[in-house]
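**Student:** Generate the whole structure from the sequences, applying the supplied hints.
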Amino acid sequence: MERMKKQALINLGTEWFAEKGWKPFEFQLETWDAYLEGFSGILNAPTGSGKTYALLIPILLDYIRCNPKYAEEKAEGMNAIWITPIRALAREISLASERAIEAMGLAWQVGIRSGDTSTSVRKKQLTNPPQLLITTPESLHLLLASKGYRNFFGNLGTIVIDEWHELMGSKRAVLAELALSRLKSLLPALQIWGISATIGNMDQAMSVLLGSGESTMPNKIIKADIQKKIEVVTVLPDEIEKFPWSGHLGIHLLSKVVPIIQQSGSTLIFTNTRAMCEIWYQRLLDVAPDLAGLLAMHHGSISREIRDWVEQSLHSEKIKAVVCTSSLDLGVDFRPVESIIQIGSPKGVARFIQRAGRSGHQPNAVSRIYFVPTHSLELIESCALRQAIDDGQVEERIPYVRSFDVLAQYLVTLAVSDGFDAVETLEEVRSTFSFASISEAEWQWLLNFIVTGGKALHQYNEYQKVRRDPDGLFRVHDRKISLRHRLSIGTIVGETSMIIQYQRGKRIGTVEEWFIAQLRPGDTFWFAGKSLELIRVQGMTAEVKKSKKKKGKVPSWLGGRIPLSSQLAQYLRLKVAQSREDAYAEPELEKLIPLTELQDRRSHVPLIDEFLIEYFQSSEGYHLLFYPFEGRYIHEGMSALIAWRIAQIKPISFTIAMNDYGFELLSDAPIPIEEALENELFNTIDLSADIQASVNSIELAKRRFRDIASIAGLVFKGYPGREKKDKYLQSSSQLFFEVFTDYEPDNLLLRQAFEEVFVFQLDETRLRTALDRIQFQKIILSQPEKATPYSFPIIVDRTREKLSTERLADRIRKMKLALERE
DNA sequence: GACCTGCTGCGGGGTG
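Take the first sequence: its letters are residues 1 to 822, numbered as in this note's numbering.
Among the hints, erroneous ones may be present.
As the list claims (entries may be wrong) - With a straight-line cut-off of 30 Å between C-alpha atoms, the simulated DSBU-like cross-links for lysine-lysine are:
1. Lys480 with Lys727
2. Lys6 with Lys220
3. Lys347 with Lys242
4. Lys147 with Lys506
5. Lys480 with Lys242
6. Lys786 with Lys242
7. Lys347 with Lys74
8. Lys553 with Lys724
9. Lys455 with Lys725
10. Lys717 with Lys786
These are calculated hints, taken from the structure and not from any lab test.
**Tutor:** In structure tokens, the structure reads:
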């Protein structure tokens with residue numbers, strides 16, 4: 001048979017769509033075309049838009065083109081890999097692709113390779129690979145850790161990476177980049193496609209995915225022009241006077257949330273924390289007992305079985321509403337729900353849009369999201385969100401670069417399987433976005449690290465993992481090391497947690513060690529919506545039974561804090577100004593008028609070109625408040641910096657408190673703020689040096705180092721079922737930190753810890769931008785009689801969280817040095 | 001290194 005024309009192939013795909021009563025969208029046809037022309041690229045499409053078929057179909061069509069006798073013969077080898085960031089998506093993609101394969105009459109098999117795949121299936125896959133393999137970045141690395149993997153990937157033509165926006169900002173993307181660099185080098189014609197929701201740095205997303213290097217294919221970004229209308233409905237309190245100035249639970253509006261759930265066919269209620277999720281679930285059932293059996297709960301610490309049940313029940317409409325955390329952001333592409341409720345700030349525009357998009361899936365349907373503020377100032381946030389959506393402003397994802405921990409792990413992965421050649425591998429590694437700048441010296445350090453353990457650890461055998469063989473290849477020869485390495489592949493370092501299970505063995509979920517440690521047998525606590533009595537603790541398992549008691553602690557987990565994004569922050573400042581200038585334009589701002597007026601009367605409401613500082617005295621001491629509206633993380637760095645700079649003028653020690661809107665410096669002595677302002681308090685000239693001096697970066701880096709040590713393979717987390725305790729992981733990673741600091745200060749992993757602190761935690765770039773902005777604003781130094789509506793939440797927060805500045809002795813010593821310099 | 005509000009995600013005992 002002659003080579004089929006591209007158009008004929010596309011017609012074939014279109015026919016298949018027609019059989020199902022579908023019509024391809026413009027972007028799908030565009031993708032088919034680009035794929036068949038040999039392009040790599042990124043497909044920018046929202047969930048539920050048919051993005052999967054946009055790439056599955058052309059992969060199959062291309063196979064037909066290259067293998068004219070497709071229908072008669074069994075396809076040979078693996079043709080395509082589909083990577084998903086979560087296992088639950090693999091099942092869906094597998095079903096979708098099986099449908100398409102069958103309809104086109106291809107002799108293709110679809111296989112899933114993830115942590116759920118049984119050993120026997122894995123073995124079969126290695127000798128007889130499926131034509132389409134659906135897997136995760138981690139499992140792909142496990143394949144690269146298998147002997148003879150070159151044959152396995154021999155026929156590979158395409159890799160698709162789904163939800164690339166989700167991976168982009170994490171070290172899992174670095175795993176993907178490295179695996180791709182290896183496969184691209186094995187298969188120069190490999191086509192690579194990413195699927196991504198809209199992010200602010202789409203071009204960069206493509207650079208990260210495709211990397212550089214000679215074999216880079218012609219590439220393209222295809223945008224699915226599916227504009228969804230999003231309607232933001234704020235649930236307004238009746239009387240703003242009775243609405244709290246601070247708080248995070250939002251339970252005051254419970255009675256207004258119930259009717260929304262009752263009147264909708266199905267509802268998702270997004271909360272910001274797992275504890276909040278538990279509390280809302282209970283309270284909803286308290287006030288609306290008719291929801292019993294129709295309301296469920298879903299968060300990351302609830303067991304996989306229960307979560308699967310919840311997802312399926314929602315899909316089959318057995319239940320009506322689910323209270324959840326971001327555990328339902330991704331994954332199960334279930335039937336769209338009718339209403340979405342967001343409780344408290346979503347902290348970012350993209351997250352809010354993604355959640356809203358869970359409703360109103362029909363073309364032209366409006367996605368409606370109800371926003372439930374948890375305190376007064378969040379009313380401004382809902383206006384900010386609405387405006388940001390209208391302006392199409394979404395966040396960027398910052399890719400990790402120079403993550404040497406991941407690279408060290410990857411090199412051992414290659415050494416575990418067939419070994420690697422240093423020259424060839426360096427070239428591949430350099431073709432990735434993450435390691436484009438790696439120097440020869442850094443590369444040699446890494447090789448030395450995996451071979452000898454490096455300068456600090458060369459006396460210990462267990463860190464001498466890899467050997468350079470006479471043929472020049474680097475290999476692992478010790479079976480124990482290989483095994484331990486396979487068990488440690490990946491970049492997610494979680495808390496070790498305790499399993500909660502009934503006496504008969506059914507698992508309900510997990511909580512953190514410290515929470516159970518504070519309970520005694522017989523105590524009750526709430527979990528997964530149930531009142532449970534602790535019976536006994538055995539190893540890492542806590543046995544419980546159901547309890548009738550109504551009172552009990554609700555567990556909290558030490559999750560990461562979600563920082564307010566700079567996009568949202570920018571709109572927040574805009575809307576703060578509007579609350580003073582044009583409050584009647586928006587119902588939320590109008591509602592807020594009494595509060596805005598009070599703030600303006602007592603102090604000031606800043607316009608967009610103004611920067612507000614409040615200074616007042618109370619029985620607690622002297623309060624100095626700043627309102628950059630930049631989010632907690634930035635405030636953390638900025639407050640330490642400002643405190644340090646003021647202390648250069650007059651030796652004072654501060655207690656620092658902050659939230660997403662501003663921060664407070666509290667002192668028992670008067671603060672020379674005017675003088676500080678005259679001395680250019682916000683300048684960015686010596687910023688890096690001043691940050692170094694003001695922030696306790698060693699402590700921050702030490703915490704970062706825990707993950708780095710684990711990813712780089714310095715700390716072994718234990719065999720499955722026999723995990724080591726957190727205390728062990730913490731103390732051994734700290735030990736490494738100290739050993740390196742003392743004996744090998746130029747250790748690359750140690751340096752990486754500090755770099756991560758400055759890039760991701762203190763976010764120096766954003767801090768600089770914020771300070772530059774403030775320098776151009778008009779400083780309003782207001783001296784209210786007492787606390788203002790803006791300052792109140794921060795002051796309340798302080799009673800919870802106390803961060804004192806560095807020890808006074810250190811401070812004085814440093815200042816003396818500074819004085820001597822001049 | 002905690003708990004005072006604080007998310008999510010992966011992997012797993014094999015030499016063709």
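**Student:** Now, for every hint given, state plainly whether the structure supports it.
**Tutor:** Status of each hint after checking the structure:
1. Lys480 with Lys727: Given that 30 Å is the threshold and the Cα spacing comes to 24 Å, the pair holds.
2. Lys6 with Lys220: holds, 18 Å
3. Lys347 with Lys242: holds, 25 Å
4. Lys147 with Lys506: violated, 38 Å
5. Lys480 with Lys242: violated, 64 Å
6. Lys786 with Lys242: holds, 20 Å
7. Lys347 with Lys74: At roughly 51 Å apart (the allowed maximum being 30 Å), Lys74 and Lys347 break the hint.
8. Lys553 with Lys724: holds, 27 Å
9. Lys455 with Lys725: The given pair, whose Cα atoms are some 28 Å apart, holds under the 30 Å limit.
10. Lys717 with Lys786: Roughly 52 Å separates the two Cα atoms, so the pair is violated.
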